[in-house]
Structure formats: structure tokens, C-alpha cells
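Colleague: Use the sequences and the hints to build the structure in full.
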Amino acid sequence: MMNRRQLLATMASTTLLATAREGFAQGAPTFRIAALNPITGSGAAYGAGMQKMILAAVEEVNAAGGAGGRKIEVVAEDTQSQPQAGVLAAKKLIEIDKVQGLIGIWSSGVALATIPLANDANILFMCTSGAPEITNPQVNSKGLVYRFNTTGDGYGRAFAEACAREGFKRPATMAFNNASGIGIVDGFRKAWEKNGGKVVEAVVYEPNQPSYRSELQKVLAAKPDVIVTGSYLPDTTIILREWFQTGDTQKWMLPGQAANPDLIKAIGPEASEGLFVVNSISNEMSTAYAKFDAAYRKAMNQPGTSNIYAAMAWDMVIVLALAMEAAGPNANVAAINAKIREIANPPGKQVSSFAEGKEALKAGKVNYDGASSAVDFNQAGDVLPDFDLSVISKGVITRKNIIKI
Amino acid sequence: MEAYLVAMAIITAIYVLLALGLNLQYGLTGLTNFGHVGFFCIGAYTAALMGQIGIPWPISFLAGAALAALAAWPLGLVSLKLRDDYFAIVSLGFSEIVRIVVTSEQWLTKGVQGITGIPKLLGFLGTGLTQSLAVLALLIAVNVLAGLANRRIVRSPFGRMIEAIRDNEEAVKALGKDPAGFKIQVLMLGAALAGVAGGFYAHYIGYIVPEQFIPLITFYVWMAIIIGGVGRISGAFAGTLILMIFLEGSRFLRGVIPFVSEVEMASIRLGIIGLALVLFTLYRPQGLMGDYTKR
Amino acid sequence: MTAYAELMIGGLMSGLVVGLAALAITLVFGIARFANAATGDTMTAGAYVALSVSGATGSVIVGGLVGALAGAAIGVVVYFLIFRKLAGRSSVANLLASIGVAFIIRAIVGVIFEHQQQVFQLPLVRPWRILDIRVQPSDLNLAIVAVLTLATVFLILYATPVGRRMRAVADDPGLARISGISPTRVMIALWALAGSVSAVAGVMYGIKTVVTPEMGWDMLLPAFAAAILGGIGHPVGAICAGILLGTIQEMATPFVGFTYKLAISFVVLLIVLLVRPSGLFGRNEGAR
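Protein chains in written order, with the working numbering: chain A, 1 to 405; chain B, 1 to 295; chain C, 1 to 288.
Just so you know, these hints were derived from the structure itself, not from any lab. Incorrect hints may appear among the rest.
Covered by chain C, according to a simulated footprint, are these stretches of chain B (three or more residues, beta-carbon under 8 Å) [to be verified]:
{"#": "1", "stretch": "78-85"}
{"#": "2", "stretch": "88-102"}
{"#": "3", "stretch": "210-224"}
Reference excerpt, derived from the structure (chain C facing chain B, CB under 7 Å, subset only) [said to hold, decoys possible]:
{"#": "4", "residue": "A93"}
{"#": "5", "residue": "F103"}
{"#": "6", "residue": "I104"}
{"#": "7", "residue": "A263"}
{"#": "8", "residue": "F266"}
Keep in mind the model is a prediction, meaning the values are calculated, not measured. Positions of the beta carbon are idealized from the N, C-alpha and C atoms, including for glycine.
Modeller: Shown next, in the form of C-alpha cells:
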């Protein structure tokens with residue numbers, strides 16, 4: 001038994017060396033975090049980018065001399081976008097690698113299954129998942145959980161506002177049958193009905209089908225003037241191709257996760273003409289975004305706009321590092337946690353990178369203005385990013401206006 | 001370290017319970033049940049829903065086992081009419097229907113939102129290593145019980161009957177025995193074990209959602225009994241252990257081969273499991289623990 | 001009424017794709033006598049090869065043909081390395097080995113092509129209206145390919161010497177061996193044929209939807225259902241059953257909703273099997 005333990009421990013430490021990608025002197029104090037991302041499974045389109053941005057942001061922090069006198073080390077694991085694999089990965093990270101924070105968790109299922117583990121171990125937890133329960137006080141019982149993404153409700157309010165601005169009267173909805181897809185359209189319905197509107201048809205569809213024609217037909221039969229979707233890229237691609245081939249001409253309003261340059265490439269400029277896109281905007285005017293974008297292009301060979309979760313993952317590291325810096329040398333997790341809202345929210349000098357924040361912290365309070373949003377947390381641990389309404393025209397996504405909710 | 005090993009052991013023990021159920025069905029009667037995850041799912045949801053309203057776990061586990069067995073009964077009737085390979089596909093379809101029902105009937109199961117906050121077993125022990133060890137001990141006890149029961153069944157007149165059915169159904173019929181009844185009972189018994197495994201799973205993970213109950217789980221259990229040796233109780237244990245080492249070991253393997261990216265690693269893990277399955281069926285059909293004298 | 005007609009057309013098209021996959025399954029099932037779970041991933045591999053070739057040559061037809069050849073090659077290699085050695089073993093052993101093969105193929109596809117979705121770059125066309133019913137030109141192409149594939153399979157099975165031997169082996173392997181038919185040569189032809197049909201099914205599915213490493217595996221269950229419903233070893237049965245399940249699924253959606261689609265397929269399968277244990281077109285062999 002002892003032998004196997006030793007073997008496992010040795011193997012674990014080799015994992016560390018391989019993934020940290022940062023050489024530093026032995027014995028120097030370090031702070032170890034876990035990049036727990038959806039490398040495979042339904043989140044695969046985003047996971048690799050998230051992981052690389054966590055590593056890139058950590059590199060920046062360490063290059064600026066570390067946070068609170070410590071360098072950050074990263075251990076990466078794949079959640080496979082599945083709760084069971086996520087739990088085992090988190091157990092390994094907590095027990096063997098002794099990480100002090102789990103960051104970059106993407107799917108709601110994995111988040112809900114791993115939050116209890118983070119709570120038991122009293123470590124930080126930062127995710128991008130949409131399910132409302134995640135920041136519910138019962139789940140987030142110790143205040144260690146931070147969500148860098150909007151909730152389904154927030155998304156839905158933005159959709160309702162966008163529909164109202166565009167003068168739509170008869171919206172219908174189509175949702176991918178999972179927590180996040182349904183969360184968006186439910187949020188939309190609540191917001192829309194609150195303003196006295198009516199949703200003319202609502203369809204929920206199962207993924208991995210050869211065709212979504214009957215679903216489309218049901219929605220189209222209600223003669224909507226716009227269809228709001230809670231969907232992902234592959235299903236949206238198939239649905240829009242089929243829709244174009246039915247010859248209907250009503251409008252579509254899609255979430256950003258489904259409508260990106262890949263979608264336009266897949267369905268062509270003609271079918272994508274006039275599609276509306278509502279997205280929680282990365283804070284694109286910010287300096288932090290420019291830094292993130294440059295890092296993302298370098299690592300992934302794609303523009304940063306193609307993966308908003310990667311921008312969130314970037315911000316997770318910077319927020320954590322600034323809180324470590326503010327908490328001072330050798331602060332424990334509780335002390336660091338206590339500083340997170342202080343460095344992320346107003347008041348304070350607006351900063352957009354770790355190096356800048358580290359400098360400014362010497363003089364007083366800072367307010368990190370992130371790549372993914374302004375990164376201001378409310379009491380529950382949620383951010384409220386702004387949204388934008390874009391329209392696709394001639395194969396290009398162009399912003400029409402910004403929606404603040 | 002200890003806690004991680006305990007976590008691995010708990011998941012392994014849950015799969016052993018599943019494997020014991022399938023071993024009873026396929027190993028002894030030749031029932032090609034490819035819908036095992038359906039019974040697992042029924043057990044998990046029963047335990048989760050009853051646990052949430054405060055019903056003690058021994059009762060909810062029994063209820064889950066009973067419901068799983070009940071669901072197996074019509075499937076058992078169907079199995080009598082179908083060829084082995086047809087029954088494999090039909091039972092696979094059964095487990096998909098279970099998953100679809102659980103997904104669609106939101107009023108009961110909360111659908112795709114899943115059930116959160118399922119209480120931990122033996123929660124009075126806190127949340128530390130003691131509680132995990134206690135759960136593991138409980139699981140091992142249940143496994144040993146299931147193993148012993150399995151053995152008793154094999155050695156009882158009932159068991160000899162079961163083996164006779166597998167080897168020559170017509171002869172059994174000619175002796176005036178009713179193989180149909182035995183087959184259905186065995187299917188129900190195996191399903192009940194899977195139901196209990198589901199109860200442990202729901203309480204251990206603490207969050208269940210229909211996408212956890214996909215046919216891949218069934219295939220994993222099949223792999224475990226093929227690797228370990230069909231029809232052997234020790235095979236169910238050994239096979240599951242090896243499967244888990246394959247599934248989890250790649251986490252540690254990556255430290256040794258750092259030039260492989262995380263995405264490629266996931267593919268490689270799948271490939272290694274596939275290769276193991278192929279090699280075992282080709283070169284060691286009786287499994288690790290199998291005996292060479294039979295078949 | 002037009003609504004139902006359109007549902008039916010939609011079902012017909014889904015059914016054709018499923019039916020093509022079922023055709024590949026039924027060929028192997030009829031002759032090698034097991035349910036080949038690697039069919040789905042052979043579809044995926046065929047689709048990726050076709051995608052790469054059509055990207056390089058600019059022709060989807062050339063891509064599809066090369067994809068079909070690749071499918072045939074996969075079939076033959078898999079036979080030689082694995083299933084030849086498993087001949088005579090139980091159908092469950094073969095099925096489990098084929099699950100292993102499926103995983104290996106998917107692992108290779110995943111490493112080579114990565115996980116992001118890819119699409120066949122084909123122009124999208126607005127529909128024709130016939131009697132107020134929308135008919136999509138792409139549907140017509142799909143139907144033509146399905147019919148051509150089926151016709152080719154039939155020609156091979158009924159008009160070539162190797163096809164006759166295949167049918168002889170399917171009817172009675174023992175008798176075929178006694179009459180001097182070399183099982184290996186028949187098997188090579190069979191696996192090549194089944195592999196290329198899988199690849200064609202994969203290409204059609206890829207054109208209709210998007211190409212991902214999981215696409216074929218996800219298609220496996222409906223295809224199995226159709227193969228069994230049609231009666232094992234019965235090519236026409238497989239296609240008809242695919243169409244039948246596809247249309248019933250779509251036409252039932254107004255009554256049962258969309259999430260129960262796949263469940264309907266299995267319920268139909270179950271009911272048919274209880275009445276006719278060897279499927280719609282299958283010869284009645286009775287239980288076992």
C-alpha cells in the first residue's frame with residue numbers, strides 16, 4: 001500500500017512540473033490552483049482555450065513578481081463536461097495536489113457536483129456556469145463561489161430588452177434540452193411576460209438528431225416574427241440550415257455561444273444575413289480585453305471574441321492574484337476571499353492588469369476592470385455583465401447597440 | 001492522498017455492485033442485458049427524491065431496489081421471446097427510455113436541471129475522511145453481502161438450474177422445470193443490485209442529472225465483467241478495479257508524457273480502453289479470474 | 001394537412017440517413033452474425049475523410065467516393081485484425097469487441113481531426129413549393145444517394161459471384177463451407193461493402209448536419225433499432241424500417257412532444273418484435 005501511495009505521489013508531482021510551465025527556484029512560496037476545464041465533452045469547444053488563458057494569465061502574474069510574494073502554480077484536469085469525472089478530478093486536485101482554488105469550471109452539472117467539495121476543503125471556486133442554483137446561499141454556503149458569467153435570467157432579460165428595441169411583437173423560443181438552454185428561454189419568458197408580452201410558441205429539443213425539422217415546423221406554425229434560442233453551435237448550425245431551406249423569412253435572435261464566426265462559416269453569408277446575436281459582452285473597450293485578446297490569438301490562433309469563457313478564465317486568475325496581493329504575504333484562503341470584492345468592485349482606482357493593480361495597491365484601493373466584464377460581484381457572488389445586440393450582415397457580426405440590464 | 005484513494009474506492013465499489021448484478025444476469029443465465037444503466041438510474045432517482053424529503057436511506061435504497069426490480073419484470077417477459085442479440089438492443093433501448101422519461105417528466109425529477117443537494121450518507125459523521133471511510137465500509141459490506149448472496153445462488157438448486165438454462169434451455173424444459181420464471185427472477189435480482197448502486201451513487205455525488213445515465217455506463221460495466229471473467233464473482237471485483245485504473249490512471253499518465261495535449265489525452269484514454277476490450281476478447285476470453293476448464 | 005405532409009417528408013429524410021446506417025449494420029449482422037457497434041464510428045471516419053478530400057479537391061462527390069473507399073479499408077482491416085479471429089465466438093463477444101473497435105476509431109479520429117465541428121461547404125438553397133408543400137432540393141440529392149447505394153448493394157448481392165456466395169453464407173454457413181466457398185474471401189467482400197456503406201451513411205449524415213467525432217456513435221441506437229425492426233440480414237428491410245421509424249417519430253411529435261422522439265422508436269421496435277420476433281422482413285427463426 002505504501003508503495004502505491006509513494007508512486008502516486010511521485011506521479012502527481014511530475015504532473016505538476018509538466019503543467020506549471022514556469023520554472024522557479026525550489027523552496028519559493030507558491031500558491032497552487034487548479035484549472036478544472038471541460039477539455040472534452042459538450043464544453044470541448046471552449047475548454048482548451050480556457051485552460052490556455054489560465055496558464056497565460058498565471059504567466060503574467062508570475063512575470064510581475066508573483067502575488068503577495070508568491071508565485072502561482074497551475075495543475076490542470078479535464079472534467080469531460082461530466083459530473084462524475086469532474087468530482088474525481090476535483091478530489092484528486094484537492095487531496096493530492098492540495099490546490100487552494102478550483103477555477104474555470106464550465107458546465108452547471110460539474111459545478112453543482114464539485115462546489116460541495118470546495119466548500120468542505122474551504123477553497124475558492126470560480127465558474128462560468130449559468131444555473132441559478134450555483135450562487136444560491138444554500139449551495140454557496142461559505143461564500144467561496146464566484147460566477148464570472150451571467151445567469152440564465154440575466155441573459156433572458158437582455159433578450160427581452162433586445163426584442164423590445166427591435167419592435168418584435170410575436171416571439172417564439174427554441175431551447176436545447178439542458179439546464180443552460182432552458183435557463184435562457186425561461187429567463188426570456190419571465191422578462192417578456194412581465195412587460196405584458198406573450199410568447200407564441202416554445203419548443204424544447206433533444207440534441208444529436210439527424211434533423212430538427214419537426215421542431216422548426218411547430219415553431220414556425222405559430223407565425224412568430226422572431227425566434228429566440230437557448231442553443232449551442234452544432235444544433236444552431238443544423239437548425240439554421242434547415243430553416244433556410246424551408247424558405248421562411250422571420251428573424252432569429254441567438255445567444256453568443258451559438259453565433260460566432262464558425263456559425264457564419266458553416267451556414268454561409270446568405271443564410272446568416274440578418275441574424276441577431278445577443279451576447280454578454282466581453283469588456284471589449286478595456287485594456288484588460290486587449291491583453292487577453294493578444295494572448296488568446298497567440299495561443300489559439302483565433303480572435304478572443306470566439307470564446308467569451310476564455311476571457312472569464314483570464315479574469316479569474318487576475319482577480320485571484322490581486323486579492324492575494326491585497327491580502328499580503330502568506331495570507332490564507334479566508335483572508336484572500338475577504339479581499340475579492342474589495343479589489344474587483346468600486347470604489348478604487350480602475351486597473352486592467354495584474355502589474356498595474358499591484359502597483360496601485362501600494363497607494364490604496366483598486367477596482368479591476370476585466371476582460372470579460374467589469375467584474376463587479378454582488379452579494380451572491382454573481383457578476384452582471386453588459387450585453388450587446390449585434391446583427392450579422394454580409395458574413396460579418398456588427399454591433400448595433402449595448403444593453404445594460 | 002488518502003481521501004482521493006477513498007473517493008476512487010467508493011466509485012469502484014459502486015461499479016462492483018453494478019458488475020455483480022450484471023454478472024448474475026449474463027454470467028449465470030446468459031441474459032444479454034445492455035440496459036443496466038436504466039436500473040442504476042431508477043435507483044439513483046428514487047434515493048435522491050426520497051432522501052430530499054427526509055426518508056432514511058435504508059428505506060429509500062430498498063425502495064429503489066424494488067422499483068428497479070419492478071421495471072425489470074416486463075423486460076424479463078420480453079427477453080423470453082427474443083434472441084440474445086435482439087434482447088441486447090431492446091434492453092439498451094429500455095435504458096434510453098428510462099433516461100428520456102427522467103429528462104421529460106420535470107414535475108417529478110426536475111428534468112435537465114437535475115436534483116441538487118442530495119444529503120450525504122451518514123452525515124452525522126461530518127464531512128471528513130471518517131464519513132467517507134464509513135460510506136466505503138458500508139459499500140464494502142453491501143458488496144460482500146451481494147457477493148455471498150451471488151455465491152449462494154450459484155450453489156443452490158436454483159443456481160444449478162440457472163446454469164442449466166444457460167447451457168441447454170431445451171433440456172431444462174424437458175425436465176418439466178420452468179426456465180422462464182428463473183430468468184425473470186435473475187433479471188430482477190440483478191436490477192435490484194443496480195438500484196442499490198444507484199442509491200449510493202446519488203448520495204455520494206450529491207447531484208444527479210439525466211445525462212449521467214447514458215449507455216456508456218452500461219458498456220463500462222460490461223467491460224469490467226469481460227476483463228475480470230464472466231460468471232466469476234472475483235472477476236467482477238478484479239475487472240472493475242482494472243477498469244477504474246484505466247479510467248483514472250490517465251490523469252497520472254499525463255505527467256509521464258507531457259508532450260500530449262489534454263484534448264489528445266482524452267482521445268488516447270478512450271483508445272486505450274477500446275484496445276483493452278479488444279485484446280481481452282481476443283486473447284483472454286475467460287477474463288483474468290476466469291477458469292480454463294469451462295467453455 | 002400540409003403540415004403533416006411536411007412532417008412526413010422530414011421523417012422520410014431522417015429515416016433515409018438512419019436507414020443507410022442500418023443497412024451497414026444489417027449486412028454484417030446477416031453474415032458475421034453480430035451487432036457491429038463500430039458502424040457508427042466508421043461513419044464518422046468516412047465523413048472526416050470525405051470532408052478532407054472534398055476540401056482539397058473541391059468536389060463533394062469525389063470526397064464521398066474516397067470516403068467510401070476509406071470505409072471499405074477500415075472494414076477490411078478491422079476484419080483481418082480482429083473479427084476473423086473471433087469467428088465462431090458468441091455474438092456478445094463480437095459485439096463487445098466491436099465496442100472496443102468503435103472507441104479506437106473515435107480516438108484516432110479525435111487525435112487527427114480534433115473536436116471542433118466541421119461542415120461540408122455546400123450552398124444552401126431555398127425550397128421548391130409543390131402543392132403548397134415545401135420540398136428541399138437537398139432532400140432529393142439525399143434520396144438519390146440512398147437509392148443508388150441500395151441499388152449498388154443489390155447489384156453486388158444478386159448479380160455478382162461474390163454476392164451469391166455472401167447470400168449462401170448468410171443462409172447456411174455450414175452448407176456454404178461444405179460446398180467449397182472460402183469464408184475468408186466472402187468475409188473480405190462483406191466487410192468492404194459494409195464499411196463503404198457506413199461511410200456513405202456518414203457522409204450523408206455529415207452533409208445534413210455537422211461533422212464531429214461523436215456524430216456516428218450518437219446515431220448508433222436508432223440505426224440498431226432500424227436494423228432489427230427491418231429483420232436482420234435484409235437490406236430493403238433496413239432502409240424501410242429506417243424510413244418507417246423516422247416518419248413515425250416525426251408524425252407523432254404533435255401528440256407526444258419532442259423529447260420523447262427516440263423513445264417512440266424503441267416502443268415501435270418492441271411492439272413489432274413481440275408480434276414478429278424476427279422483424280418486419282426477417283425470416284422467422286423463432287426465439288434464439
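Colleague: Please go over all the hints and tell whether each is borne out by the structure.
Modeller: Going through the hints against the structure:
no., hint, in the structure
1, 78-85, "holds (count 7)"
2, 88-102, "holds (count 10)"
3, 210-224, "holds (count 4)"
4, A93, "holds (5 Å)"
5, F103, "holds (3 Å)"
6, I104, "holds (4 Å)"
7, A263, "holds (5 Å)"
8, F266, "holds (3 Å)"
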